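Spelled out from the first residue to the last, the chains are:
2 protein chains.
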Amino acid sequence: MLDPEQTVLAFVDAWNRMDFDHVHALMAEDIFYHNMPYAPMIGRAAARAFLDSWSVEAVEWTILNIATNGTVVLTERIDRFLRSEGELSIPVMGAFEVENGLITRWRDYFDPGASKKYTPRAEGGGWSRR
Amino acid sequence: MLDPEQTVLAFVDAWNRMDFDHVHALMAEDIFYHNMPYAPMIGRAAARAFLDSWSVEAVEWTILNIATNGTVVLTERIDRFLRSEGELSIPVMGAFEVENGLITRWRDYFDPGASKKYTPRAEGGGWSRR
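Residue numbers (my numbering), protein chains in the order written: chain Y, 1 to 130; chain E, 131 to 260.
One chain only, chain Y, in its complex shape (with noise of 0.2 Å):
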C-alpha cells in the first residue's frame, strides 16, 4: 500500500497522465474535496462528475513542493490545462488527507480568477504529457 505522500504523488501522476479512472481510483468512496472558493463536495461520484465536466486537452502538474505530517499531505503546485478557450496556468496549494492509500479530503486553495485568465495555446507549448 502506498504511504500518504506516495499517495498524492500517484495522484498527480494520474492527472498527468490523464488516467482519470486511476484519479478516482485514489479518492475514498465517501471523499470531501473543496475547491475552496466553492461549495464541497462529497463523495467519489460527485467529484468525478465535477471533473469530468470540466474537458481538457492536456494537463501538466507541476509539484513545486511538498510536505507530509502524518496522514496529511500538503502541495505547493502548479496545475496548467490545455482547453478548448486556450492554455491555463493556476498557482495552487492543496491539502489532501489519506488513509489506507486513498484519499478522504482534498481542499485546494487557489484564486478563482486565474482559472479564467486564459492564453492563447502556443503549439508544442511544452505539454510534454499532452
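Keep in mind the hints are simulated off the structure, nothing from the lab.
Some clues are possibly wrong.
Straight-line C-alpha distance at most 30 Å; calculated DSSO-like pairs for lysine-lysine [claimed, not checked]:
#, chain 1, residue 1, chain 2, residue 2
1, Y, Lys116, E, Lys246
2, Y, Lys116, E, Lys247
3, E, Lys246, Y, Lys117
4, Y, Lys117, E, Lys247
The model shown is predicted, which means the values in this text are computed figures rather than measured ones.
Please build the complex by placing chain E on the supplied structure of chain Y, with the hints as guidance.
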C-alpha cells in the same frame, strides 16, 4: 536559532500577539512576499509598509495543518481579522522558505473574494487574543 518550522510557528504567534515588530524581525531583509492574487513585494520594508496599511483591531490565525520538508514549511490556516468594517475569516494556505531563522520567501494562496466578505462584529466573538 529556531529551525524552519519553529520560525513559522513564532511568526504566527507574533501575528496573534499583534507584535508586529517581531513579525517583521522574523522576515529576512530581502524577503520575497507574494500574496498570490496580487503583485509580489520584495524586501522587509515593502512588506511592512503593505501590512501597516492594513489596519486591524484583533488577529487570530489558526493553523489547521503544518508540514515541513527541509527549509520549506507549508501551512493550512484560517486567518481571522477584526477590522472597522467587521470580521474577516480567510481560508489560506501559505508556503514559507526559511534560512537561518528568517523567512526568505512567503507565498499565501487564497480566494481574494474571502478578504472582502465582512461579517458583523460579534462582541466577545472568540477574540481570545484581542
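Okay, the hints, checked on the actual structure:
1. Y/Lys116 to E/Lys246: holds, 20 Å
2. Y/Lys116 to E/Lys247: holds, 21 Å
3. E/Lys246 to Y/Lys117: holds, 21 Å
4. Y/Lys117 to E/Lys247: Roughly 23 Å separates the two Cα atoms, so the pair holds.
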